[in-house]
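Participant: Residue strings, one per chain:
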Amino acid sequence: MERERIEIRWHGRGGQGAITAAKIVANAAFESGYKGVVMAPTFGTERRGAPVFTSLKISKNKIYDLSPIETPDMVVVLDHTLLEEVNVTTGLKKGGLLIINTPKPLEAYDFEGIQVAVADVTAHALESNLPPGVVNSGIIGAFSKASGLVDIERLAKAVEDEFHDKKPRRNADAARRVYERTVMGGKK
Amino acid sequence: MHLIESGNVAAATGVKLSRAQVIAAYPITPQTPLTEKLSEFVAEGSLTAEYIPVESEHSAMAVCIAASSAGARAFTATSANGLLYMNEQLHWAAGARLPIVMCVANRGIGAPWTVWNDHQDSISQRDGGWIQLYANDHQQIIDTVIKAFRLSEIVSIPVMVCYDGYLLSHTYMPFEAPDQDRVDAFLPLFSPKNKLDPDQPSNFNTVTLPDVRPDVRGNLAPGYMEIRHTLHQDMRNSMEVLKDIDQAFLDAFGRGGTPFVEPYRCDDVEHVVVCMGSLSYHMRDVIDQLRSEGVNVGVMGVQLYRPFPDQAMVSALSGKRSVMVFEKALSYGNQGALYADIKSALYNVDRRPLISNHILGLGGREIKTQHLYDAVKQACGNPETLGDTPHWIGLKCQAS
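Keeping their order, the protein sequence lines are chains C and X. In this text, residue positions in the first sequence follow the working numbering: the first is 38, and each later residue adds one. In this text, residue positions in the second sequence follow the working numbering: the first is 50, and each later residue adds one.
Each hint can be trusted.
Per label pair, the in silico range of CB-to-CB distance: (1) E122/C / A160/X: 28 to 38 angstroms; (2) D228/X / E122/C: 39 to 49 angstroms; (3) T434/X / A145/C: 54 to 64 angstroms; (4) D300/X / G150/C: 46 to 56 angstroms.
Keep in mind the hints are simulated off the structure, nothing from the lab. C-beta: ideal position from N, C-alpha, C; glycine also.
The whole structure should be built from the sequences, with the hints applied where relevant.
Facilitator: Spelled out as structure tokens, the structure:
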């Protein structure tokens, strides 16, 4: 049943904007030729601050299967403290990619068989003059750098479009800034 | 223009493009974001409509009935227990022949309380005289909403546009939003034959005697039974109207062509899986896999459920070895409603297929591709043994 597709799970806290981040990537991926993009949030139990996740599937062809992702190729974590509450690597494919917004260095993380990428998105977003806690535009930069899936300029444009009435340039600037400062671990 | 948005936004965009004039709704999960979006459109001025927040779904439908009676294009949306709370007014809207369009973001019915998807809510309303259309993805949601307004206004029958709660309502995927001027050309302004008009006072839907009688002008007026017979006949005839509308939409927008059922890889197959809503698309992945393994099976989605497209069922299913009906609803104490309807449609065909019923996904129980694969493969393997009793897929324990 597996068609050629890329599955990305986004972990955040309710209100943090994981859905918006995944939607920005969905838009940019669609624009760059992926005709199948499906993004499905956690259903029914969203509460501010509580752990939530969003499934994003990307494919060259239309996607018919709307069921949640079980074996993601990539996992994006918008808040490193979630690692203490949620097993974010559940189902992550061997050799898969884990992208974390964290103030800690790469060496603080060790996951068997998983490639880790880190960026202090929270701090970099402040440098882009965004209000404290806005991380869902900056994390896009880390995603672009670590995954290589969608070009950063296309994503920055998608960030501007999504935040057209909420500081579009600063949000796009945060994505570019984080792109430059994302630190990649080696492939395991 | 392509958008990547939720199914609820696809529906709201269709309502906006259809230039609904009165919208009355009460929030209920998972429909709420649809009517929130419409209230935003009205507030920002991109949709010129009267948005009436009401205190219940019963009132929402009552407002739509009043608005439609006065000649306005009326819209509402709901789910599950909200739909049930409208029940009396739903029957009234159909009997009064009012072309109201309503979206139902399908959700299971409490008790026990659930907010997640199945089809029990709209299926439980199948006998009320509403046309029921089911959409499989966001493109079908927006297209079906636009077609529904044209259909309802031509046949003077209200139309429900049903789509899976959460699976479609809250999932984001790309869809094409047609240009406003092209929708305007496809869907002319609503001009009802009869409407409330202070200059020409009249009574609508007063007590109607069992027998016929002369009206105020001395003409023979139909009784209740004639009026209901006409509703039934017009429901049946609405299939031809829907077919024409679907063709006109295909000509104008390049999408459609399957007004009643949507077969996938069903030509010359032995077995056909039948289901409604997004499940019929999910099933396509299973069909592709099974076909690659040599199992001769296709899947057919049902897009029109009421009136029931029995001739389309006969054409599609007659002569197949077996038909498997997968449903997210059932008539408790009997069988799945769709299953019973298909079985009945096939009763008189010469080459009657074996037929089985499979219940799944109630109250949002996750439908895994592997479960579908296993169930279809097994059913294709020995269709003679399946019998007439519904098979429940994915049960994990017994309720005490």
